[in-house]
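2 protein chains.
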Amino acid sequence: MADKIQTQGITIKKEENFSEWYEQVTMKCGLVDKRLEYSRGFYGYPPWGTMILRSMETLFEKELELRSHLPIRTPTAMPIALLEKEQEHLSGFAPEIWKITHGHGGKKLEYPKALRPTGEAVMYPYFHYWIENYKDLPFKVFETRPSFRAERENAIFPLLRTCEFFWIEAHTVQLDNKHADKQVKEDMEVFDLIAKGKLAMPFMLLKRPEWDKFSGADYTCAYDTPLPDGKVSQIGTTHNLGTHFSRAFDVRYTDNNNEQKFCYQTSFGPGVGKILGMLAAVHGDDNGLILPPDLAPIQFVIVPIYKEDSKEKVTAFAKKAANKLKSFRLKFDDREGYTPGWKFNEWEMKGVPFRVEIGPKDVEKNQVILVSRLDRKKTVVEIKDITDTVLQGMLSELTKEMYSKAEKKFKIDKTDNYKDIIKKIDAGTHLVEIPFCNTEKCSEKLKEKTIKVRGIQLFAHGEKTVVECEQKSAEKAKGKKCAVCGKEAKVMSFVARQY
Amino acid sequence: MADKIQTQGITIKKEENFSEWYEQVTMKCGLVDKRLEYSRGFYGYPPWGTMILRSMETLFEKELELRSHLPIRTPTAMPIALLEKEQEHLSGFAPEIWKITHGHGGKKLEYPKALRPTGEAVMYPYFHYWIENYKDLPFKVFETRPSFRAERENAIFPLLRTCEFFWIEAHTVQLDNKHADKQVKEDMEVFDLIAKGKLAMPFMLLKRPEWDKFSGADYTCAYDTPLPDGKVSQIGTTHNLGTHFSRAFDVRYTDNNNEQKFCYQTSFGPGVGKILGMLAAVHGDDNGLILPPDLAPIQFVIVPIYKEDSKEKVTAFAKKAANKLKSFRLKFDDREGYTPGWKFNEWEMKGVPFRVEIGPKDVEKNQVILVSRLDRKKTVVEIKDITDTVLQGMLSELTKEMYSKAEKKFKIDKTDNYKDIIKKIDAGTHLVEIPFCNTEKCSEKLKEKTIKVRGIQLFAHGEKTVVECEQKSAEKAKGKKCAVCGKEAKVMSFVARQY
Numbered sequence: 249m250a251d252k253i254q255t256q257g258i259t260i261k262k263e264e265n266f267s268e269w270y271e272q273v274t275m276k277c278g279l280v281d282k283r284l285e286y287s288r289g290f291y292g293y294p295p296w297g298t299m300i301l302r303s304m305e306t307l308f309e310k311e312l313e314l315r316s317h318l319p320i321r322t323p324t325a326m327p328i329a330l331l332e333k334e335q336e337h338l339s340g341f342a343p344e345i346w347k348i349t350h351g352h353g354g355k356k357l358e359y360p361k362a363l364r365p366t367g368e369a370v371m372y373p374y375f376h377y378w379i380e381n382y383k384d385l386p387f388k389v390f391e392t393r394p395s396f397r398a399e400r401e402n403a404i405f406p407l408l409r410t411c412e413f414f415w416i417e418a419h420t421v422q423l424d425n426k427h428a429d430k431q432v433k434e435d436m437e438v439f440d441l442i443a444k445g446k447l448a449m450p451f452m453l454l455k456r457p458e459w460d461k462f463s464g465a466d467y468t469c470a471y472d473t474p475l476p477d478g479k480v481s482q483i484g485t486t487h488n489l490g491t492h493f494s495r496a497f498d499v500r501y502t503d504n505n506n507e508q509k510f511c512y513q514t515s516f517g518p519g520v521g522k523i524l525g526m527l528a529a530v531h532g533d534d535n536g537l538i539l540p541p542d543l544a545p546i547q548f549v550i551v552p553i554y555k556e557d558s559k560e561k562v563t564a565f566a567k568k569a570a571n572k573l574k575s576f577r578l579k580f581d582d583r584e585g586y587t588p589g590w591k592f593n594e595w596e597m598k599g600v601p602f603r604v605e606i607g608p609k610d611v612e613k614n615q616v617i618l619v620s621r622l623d624r625k626k627t628v629v630e631i632k633d634i635t636d637t638v639l640q641g642m643l644s645e646l647t648k649e650m651y652s653k654a655e656k657k658f659k660i661d662k663t664d665n666y667k668d669i670i671k672k673i674d675a676g677t678h679l680v681e682i683p684f685c686n687t688e689k690c691s692e693k694l695k696e697k698t699i700k701v702r703g704i705q706l707f708a709h710g711e712k713t714v715v716e717c718e719q720k721s722a723e724k725a726k727g728k729k730c731a732v733c734g735k736e737a738k739v740m741s742f743v744a745r746q747y
Numbered sequence: 249m250a251d252k253i254q255t256q257g258i259t260i261k262k263e264e265n266f267s268e269w270y271e272q273v274t275m276k277c278g279l280v281d282k283r284l285e286y287s288r289g290f291y292g293y294p295p296w297g298t299m300i301l302r303s304m305e306t307l308f309e310k311e312l313e314l315r316s317h318l319p320i321r322t323p324t325a326m327p328i329a330l331l332e333k334e335q336e337h338l339s340g341f342a343p344e345i346w347k348i349t350h351g352h353g354g355k356k357l358e359y360p361k362a363l364r365p366t367g368e369a370v371m372y373p374y375f376h377y378w379i380e381n382y383k384d385l386p387f388k389v390f391e392t393r394p395s396f397r398a399e400r401e402n403a404i405f406p407l408l409r410t411c412e413f414f415w416i417e418a419h420t421v422q423l424d425n426k427h428a429d430k431q432v433k434e435d436m437e438v439f440d441l442i443a444k445g446k447l448a449m450p451f452m453l454l455k456r457p458e459w460d461k462f463s464g465a466d467y468t469c470a471y472d473t474p475l476p477d478g479k480v481s482q483i484g485t486t487h488n489l490g491t492h493f494s495r496a497f498d499v500r501y502t503d504n505n506n507e508q509k510f511c512y513q514t515s516f517g518p519g520v521g522k523i524l525g526m527l528a529a530v531h532g533d534d535n536g537l538i539l540p541p542d543l544a545p546i547q548f549v550i551v552p553i554y555k556e557d558s559k560e561k562v563t564a565f566a567k568k569a570a571n572k573l574k575s576f577r578l579k580f581d582d583r584e585g586y587t588p589g590w591k592f593n594e595w596e597m598k599g600v601p602f603r604v605e606i607g608p609k610d611v612e613k614n615q616v617i618l619v620s621r622l623d624r625k626k627t628v629v630e631i632k633d634i635t636d637t638v639l640q641g642m643l644s645e646l647t648k649e650m651y652s653k654a655e656k657k658f659k660i661d662k663t664d665n666y667k668d669i670i671k672k673i674d675a676g677t678h679l680v681e682i683p684f685c686n687t688e689k690c691s692e693k694l695k696e697k698t699i700k701v702r703g704i705q706l707f708a709h710g711e712k713t714v715v716e717c718e719q720k721s722a723e724k725a726k727g728k729k730c731a732v733c734g735k736e737a738k739v740m741s742f743v744a745r746q747y
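Note that the protein sequences, when read in sequence, are chains A and B. For the first sequence, the working numbering assigns the number 249 to the initial residue and increments by one for each residue that follows. For the second sequence, the working numbering assigns the number 249 to the initial residue and increments by one for each residue that follows.
Check the hints yourself; a few may be wrong.
Same chains, same label: a pair holds when it works inside one copy or across any pair of copies.
Calculated pairs, DSBU-like style, for lysine-lysine (alpha carbon to alpha carbon, straight line, at most 30 Å) [claimed, not checked]: (1) K355 with K695; (2) K613 with K261; (3) K383 with K276; (4) K355 with K333; (5) K574 with K310; (6) K667 with K729; (7) K574 with K712; (8) K261 with K433; (9) K568 with K426; (10) K574 with K446.
In short, the hints are calculated from the structure, not lab data. Quick caveat, the model's predicted, so the values are computed rather than measured.
Construct the entire structure; sequences and hints are all you get.
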């Protein structure tokens, strides 16, 4: 469908004003509609944006299901008292809740409800019932549901920070800490497989420092990805929750000696809405979106080019070509009343990986022209050479090119010197590695410069556990001085400006 | 996973106490969990229930997508003012809204929000932007999202009437009324294909009388299905909305003469959560659920039966059989620590269409035993005869048997006599056809007996349009007297007690 503002195209250059470019791209390419002022933070998602979101959800869900996760659904609204119960035990749930005060017949509720800010306090009271004994473990589930935060008006930014946001929460219940640690590793593998392998999205996996972990977690691992403006953004987290929540919500199992034990829990949250926003930001260019082929609702769009006298011939040939592309997500754009140029422009904006051009000359030569969205490179392919293998090869190649291009822009550097940190970050370096004393005090000092300690890197050098990574980071810091206070460094830590 | 109360099995007979049987079946078979008293009306859905719900959503979504519907997402919360705007134009939106009064930092909202009670007022302000000219039409979208009603405490019943309910809303925007009528017919075809063909669910399609139509509709068609207790329940609706909403929300298009026109709209809402409840009610028996094969998350469950000395042999053979069943949704239940009898019971409760038993004797005879969930009929199949065609045949046959069994229980009758109506309905007849004057006054009189006028039947005799159906119904009523007031009958109408 058309869109009143869409046809104007992107009028801002990404390099010149990233933030306005982002607003235009997300709106004009049909990812999100924020024109209803009264609905700030609660957006509408037109078909194209919704199709991409669903496609991303499916990527994650499939990998989770392959690893024995099952889907569940739990309520959208929950008693505020329950959130407070969680707070008693765990301290500090976000106070940004949407409060529901009135119910049937306009009557004031005795126990007000909240729109769920996150899944733990909604799901775990059910886990109390659903888990009985050791045979039920591991219990692995996921829920694909929006959550809600009452964000500050001026903090709202489509897809990246909204009042209603889409994510998948995968939660597991385990026998012991060893199994929980193993699950954390599995979550990371899933994220790596999809983000790097399918979404062409570089990221760094960091263990957050103690003062920045999720308050109910033993430890928090997070996926940080680069933004064109030099900041990084967290697009997902994996937590080892230990027994903090199982104690708060009484999630126990009977072991094989008939003893009751508290379960160990993990949670994994890829922020699918946020990842979509980041994809637009990282891969997009001055013509609009560029979608990685595994995500794109349409991978190839065929645009026949003809005048009245060649219409029949070109259409017939294009249909023959379409038949050869049928294993892929294909759109045959034979809409009347639009010029080929208009169609080129529309599908370029929407980020379709390959355009297939077919004109009268191509019919004569028995060929089609494949135009890559990334660099508009044209590949002429004879119709007899169009095979699934060739096309799959082109899609895979495109994903790799996109990843490599994005990775080159992910600027990571290191320094031992406080002033250098600030200089590098001001110059657009995303992550700077520093020797660090690992104290909250030094973290606060960095915060004054709006720089945040992101944590230590995980699994960059073939370590097998989070503990090994911590040891390696400590070893690497040995003998060095903290880049902030000059005292003895305890770890090598990464710092960044965050979105 | 196990469930503390699940293992006890169903202890109530369906014939003896339908309502308590229904509660047990939905809870113990893992469709819904209502044990959290504070969460009344906002339920948790364990993996099995969620998998079935998702499977049903997918059935509808696929058929909609085949007919060019695209997915969209619109906000969960909307300003109450917007609902009131709709009311101004259309009168009488349900006042049962959940009211959100507080947002960021606990601050009272200047413009309170509501959890969406239905899609129109949330979606159509976006349609205003998304539709520009005649080339954009038909615009066909769907949204798979829960909606919310602040139901009376005592009206709440898991799946059938809840505060958070799952449905799919398919909305279309059309050039004119002719196209809207055609769309209504298409929606009905989709519903028929899925409900009758895949869910084995009999229903009658009725056009609601004027006083019982959706307030913003030109006319309302609804799908009524039988309950074991003699009532009927509405499991979906299709509305021709005319231009009522497009005028209220300013949804216009520019025609090919460059003139602005109000669009015609339709909406179609299969209540997937409610349909699931009805499926449990209609097909289930004293052992639990019976799932139609197209819906079942598991179509065949293999349960190997062995003692220690035959374990290896049976398992190897069962794996061979599993390989022959791999085109189907298959579970190989080789869990340790559970007896075959326990497993039989669990999968019977959960409604898996076929159990595949394999014991040492079957290995010797190179065969498996397929046990149908519907009647426990055993079919012995030699391993060489297990083909996709044979298995698909068994699944199709089972669906047909389920439909035929359910249809036999759908009691439809007719009478010209007022006292007979009540007698028949008290005796458990679901729908009674009567000659009817088609006035609200007579409808009110029936209501005193808790009987409701459901409307006239659509498309039972090869008619092509709703208008033709109305004509046929009027012809059939000619010369007859209204069964309620004795005055001239205008139509043949169906009446029923409703859930």
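Hint by hint, here is what the structure shows:
no., hint, result
1, K355 with K695, "between (46 Å within a copy, 28 Å between copies)"
2, K613 with K261, "neither (38 Å within a copy, 73 Å between copies)"
3, K383 with K276, "between (51 Å within a copy, 18 Å between copies)"
4, K355 with K333, "both (25 Å within a copy, 22 Å between copies)"
5, K574 with K310, "both (22 Å within a copy, 18 Å between copies)"
6, K667 with K729, "within (14 Å within a copy, 96 Å between copies)"
7, K574 with K712, "neither (42 Å within a copy, 35 Å between copies)"
8, K261 with K433, "neither (40 Å within a copy, 48 Å between copies)"
9, K568 with K426, "neither (56 Å within a copy, 35 Å between copies)"
10, K574 with K446, "both (21 Å within a copy, 27 Å between copies)"
The structure does not agree with the numbered hints 2, 7, 8 and 9 stated previously, though it agrees with the rest.
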